[in-house]
Amino acid sequence: MAKEKSTSAKAKKTTTKKAVVKKVVTKKKPLKKTITKKYLSTELHKHDFRVTIFGSARIKKEDKLYKQVFQLAEEIGKEKIDIVTGGGPGLMAAGNAGHQNGDKNHEADSIGLIIKLPFEAKSNKHLEIKKEFEKFSDRLDTFMALSHAIVVMPGGVGTCLELFYTWQLIQVGHMSPLPIILVGKMWTKLMKWIKKYPVKDGLISPEDMKNVYVVKNNKQAMKIIRKTRDMYEKDRINYWKKLKKYKLD
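If you count the sequence shown from 1, position 199 lands on 267 in this note's numbering, and the numbers rise without skipping.
Derived from the structure by calculation, the hints contain no laboratory data. Treat each hint with caution, since some may be false.
Cut-off 27 Å, straight-line C-alpha distance, at most; resulting in silico cross-link-like pairs (DSS-like, lysine-lysine) [said to hold, decoys possible]:
#1 Lys135 x Lys190
#2 Lys253 x Lys278
#3 Lys198 x Lys146
#4 Lys172 x Lys190
#5 Lys128 x Lys203
#6 Lys148 x Lys129
#7 Lys278 x Lys295
#8 Lys203 x Lys190
#9 Lys284 x Lys257
#10 Lys268 x Lys295
#11 Lys172 x Lys263
#12 Lys128 x Lys190
#13 Lys190 x Lys132
#14 Lys287 x Lys129
#15 Lys129 x Lys184
#16 Lys148 x Lys193
#17 Lys203 x Lys193
#18 Lys302 x Lys291
#19 Lys128 x Lys172
#20 Lys260 x Lys132
#21 Lys260 x Lys295
#22 Lys257 x Lys287
#23 Lys284 x Lys132
#24 Lys132 x Lys193
#25 Lys291 x Lys253
#26 Lys148 x Lys172
#27 Lys284 x Lys135
#28 Lys193 x Lys129
#29 Lys148 x Lys135
#30 Lys263 x Lys291
#31 Lys135 x Lys172
Let the sequences and hints guide you as you build the complete structure.
What follows is the structure, encoded as structure tokens:
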């Protein structure tokens, strides 16, 4: 009896072990890819809807702003929408981490476009697809080619550069209008200043302001993202003419 019990226990243990191994093997894991020119061309022609999040690299994980971006990206992931960030620390990491948490089956891509800087940390660990750049200009152009909606969180010089670069390309017709969503009170005063001086003085047309949205929270940002995604889904090929207008060298 003791021997039978021992054999039975051993068989049970082996079966359990196999079950655990099977569970681990069958779990879908994100694929790590590096963006090449060929891959980027393929990605653009897939016409997947992508949201880019710009924001500070200096924000720490315990900051409320980090948590806000994490939660926003989590919602984007749940919608199976691709996300694009600068691939670094701070709010970029919050975006990629939140997206992966929302898209648990990895049905959408978490993309990072990384700039090589001597003083900044390497890419964050939440990327499924990434590309490194020596020049800011090449990186910015790739952001523009991939994006269908832009979310701008609080940030410094780099974030402001990304905001105004996007805005100018839309202004001069180098890419089709897409929503630029400014999240938080930091941008409220900037927009008031722009209306008070450049717009009032005729240096910026009121028409140029129509695709820029200032929102208070994630709920308002997601409302614009969903609306844009739904419009895009109705006619993927023709809706975003920018895929034909804005080409990478």
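Each hint, compared with the structure:
Taken as a hint, the Lys135 and Lys190 pair is honoured in the structure, with Cα atoms around 21 Å apart against an allowance of 27 Å. A threshold of 27 Å between alpha carbons decides the hint, and for Lys253 with Lys278 the separation of about 19 Å falls inside it, so the pair holds. A hinted pair counts as satisfied when its Cα atoms are at most 27 Å apart, and Lys198 with Lys146 qualifies at roughly 21 Å. Straight-line distance between C-alpha atoms of Lys172 and Lys190 comes to about 24 Å, which keeps the hinted pair within the 27 Å bound.
For the given pair, Lys128 sits about 26 Å from Lys203 by alpha-carbon distance, which is consistent with the 27 Å threshold. Between Lys148 and Lys129, the direct Cα distance comes to roughly 24 Å. Compliance with the 27 Å bound is thereby established for this hinted pair. Distance hint between Lys278 and Lys295 is fulfilled; the C-alpha atoms sit about 15 Å from each other, no more than 27 Å. For the hint linking Lys203 to Lys190, the alpha-carbon distance of about 16 Å falls within 27 Å, and the restraint holds.
Between the alpha carbons of Lys284 and Lys257 the distance comes to roughly 13 Å, so the proposed pair stays at or under 27 Å and holds. Restraint check for Lys268 and Lys295: the C-alpha separation of about 30 Å exceeds 27 Å, so the hint is violated. A threshold of 27 Å between alpha carbons decides the hint, and for Lys172 with Lys263 the separation of about 42 Å lies outside it, so the pair is violated. Under the criterion of a C-alpha separation no larger than 27 Å, the hint pairing Lys128 with Lys190 is consistent with the structure, at around 15 Å.
Restraint check for Lys190 and Lys132: the C-alpha separation of about 23 Å stays at or below 27 Å, so the hint holds. Of the supplied pair hints, the one linking Lys287 and Lys129 holds, its CA atoms being roughly 21 Å apart against a limit of 27 Å. Among the hinted pairs, Lys129 with Lys184 is consistent with the structure: their alpha-carbon atoms are about 22 Å apart, no more than 27 Å. With a CA separation close to 20 Å, the supplied pair Lys148 and Lys193 stays within the 27 Å bound.
At roughly 22 Å between alpha-carbon atoms, Lys203 and Lys193 fall within 27 Å of each other, so this suggested pair holds. Of the pairs offered as hints, the one joining Lys302 and Lys291 holds, with about 17 Å between alpha carbons and a cut-off of 27 Å not exceeded. Straight-line distance between C-alpha atoms of Lys128 and Lys172 comes to about 24 Å, which keeps the hinted pair within the 27 Å bound. The straight-line distance between the Cα atoms of Lys260 and Lys132 is roughly 25 Å, inside the 27 Å bound, and the hint therefore holds.
Restraint check: the Cα-Cα separation between Lys260 and Lys295 comes to about 25 Å, which is no more than 27 Å; the hinted pair holds. Taking the CA atoms of Lys257 and Lys287, the gap is near 21 Å; set against the 27 Å cutoff, the hint holds. Proposed proximity of Lys284 and Lys132 is supported: the alpha carbons are some 14 Å apart, at most 27 Å. A hinted pair counts as satisfied when its Cα atoms are at most 27 Å apart, and Lys132 with Lys193 qualifies at roughly 21 Å.
Taking the CA atoms of Lys291 and Lys253, the gap is near 18 Å; set against the 27 Å cutoff, the hint holds. With a C-alpha separation of about 10 Å, the suggested pairing of Lys148 with Lys172 holds against the 27 Å cut-off. In summary, the hint linking Lys284 to Lys135 is supported, as the alpha carbons are separated by about 15 Å, within the 27 Å threshold. Using a Cα cut-off of 27 Å, the hinted pair Lys193 and Lys129 holds, with the two alpha carbons roughly 14 Å apart.
For the hint pairing Lys148 with Lys135, the CA-to-CA distance comes to about 20 Å; that is within 27 Å, so the pair holds. Proximity of Lys263 to Lys291 is assessed by CA-CA distance (about 24 Å); at most 27 Å being required, the pair is judged to hold. For the given pair, Lys135 sits about 18 Å from Lys172 by alpha-carbon distance, which is consistent with the 27 Å threshold.
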